[in-house]
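*Asks:* Okay, here's what each chain looks like letter by letter:
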Amino acid sequence: MDSLSASQLSGLKSEEIMDQIRQQLAIANAQLVIQKMTEKCFAKCISKPGSSLDNSEQKCVAMCMDRYMDSHSVVSTAYLNRLRQ
Amino acid sequence: MSDLYGSSSDSKLGDDSNKEKLQEELQQLTALSELQAQVVEFTDVCWDKCMGTPGSKLDSKTQTCMQNCVERFLDVTMFVTQRFAQIVEKNQSMR
Numbered sequence: 001m002d003s004l005s006a007s008q009l010s011g012l013k014s015e016e017i018m019d020q021i022r023q024q025l026a027i028a029n030a031q032l033v034i035q036k037m038t039e040k041c042f043a044k045c046i047s048k049p050g051s052s053l054d055n056s057e058q059k060c061v062a063m064c065m066d067r068y069m070d071s072h073s074v075v076s077t078a079y080l081n082r083l084r085q
Numbered sequence: 001m002s003d004l005y006g007s008s009s010d011s012k013l014g015d016d017s018n019k020e021k022l023q024e025e026l027q028q029l030t031a032l033s034e035l036q037a038q039v040v041e042f043t044d045v046c047w048d049k050c051m052g053t054p055g056s057k058l059d060s061k062t063q064t065c066m067q068n069c070v071e072r073f074l075d076v077t078m079f080v081t082q083r084f085a086q087i088v089e090k091n092q093s094m095r
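Residue numbers (this note's numbering), protein chains in the order written: chain A, 1 to 85; chain B, 1 to 95.
One thing to keep in mind: the hints can contain errors.
[Claimed, not checked] Mimicking DSS-like on lysine-lysine, the simulated pairs with C-alpha atoms at most 27 Å apart in a straight line are:
# : chain 1 : residue 1 : chain 2 : residue 2
1 : A       : LYS44     : B       : LYS61
2 : B       : LYS61     : A       : LYS59
3 : A       : LYS48     : B       : LYS21
4 : A       : LYS44     : B       : LYS21
5 : B       : LYS49     : A       : LYS36
6 : B       : LYS21     : A       : LYS13
Quick caveat, the hints were computed from the structure, so don't treat them as lab data.
Chain A on its own, in the form it takes in the complex (with noise of 0.2 Å):
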């Protein structure tokens, strides 16, 4: 994307430069998904970090996501019933 000149830009069609946004925007949307729930599940998961990421924090960590996951479905879906009222 940095190396896109302006008269590249005006000549790509708006149907591709939208493409480009929307995967821009859901790149960045999952960062800070994969950055949340790095936070949330490192505070869960690791209370004493050793020499090693050891086998029960890594169960510990996948089952951390996974419950992160059901969570950010659970609150988009009230957020959405909420705004459609």
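Here the structure of chain A is known, so what remains is to put chain B in place on it, guided by the hints.
*Replies:* Okay, now just chain B, sitting in the frame of chain A:
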């Protein structure tokens, strides 16, 4: 390449007739993106309020807590916004 996206999108970015449609689409994308960011923020707040030790599934108690948390957070957002506006109004009328 043009038939890949259908003939209607054959327009170029600098095309004036297309500007309005693009602007509208961009606005929709921005709104969607803001919505998604809000969902992430609410999840953040409500996770801290509701989540104990993550188990093998999201139990119904936690789920209810999450739902209530989102609704009450929105209530508080409205309440704070309205009351703040009243405070500002009052301060201005006293001048």
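*Asks:* Compare the structure with each hint and give your call.
*Replies:* How the hints compare with the structure:
1. Of the pairs offered as hints, the one joining LYS44(A) and LYS61(B) holds, with about 19 Å between alpha carbons and a cut-off of 27 Å not exceeded.
2. Pair hint LYS61(B) plus LYS59(A) holds up; C-alpha atoms about 23 Å apart against a cutoff of 27 Å.
3. Between LYS48(A) and LYS21(B) the CA atoms are separated by roughly 54 Å; this puts the pair beyond 27 Å, and the hint is violated.
4. For the given pair, LYS44(A) sits about 46 Å from LYS21(B) by alpha-carbon distance, which is inconsistent with the 27 Å threshold.
5. Our distance criterion of 27 Å between C-alpha atoms is met by LYS49(B) and LYS36(A), whose separation comes to about 15 Å.
6. Between LYS21(B) and LYS13(A), the direct Cα distance comes to roughly 13 Å. Compliance with the 27 Å bound is thereby established for this hinted pair.
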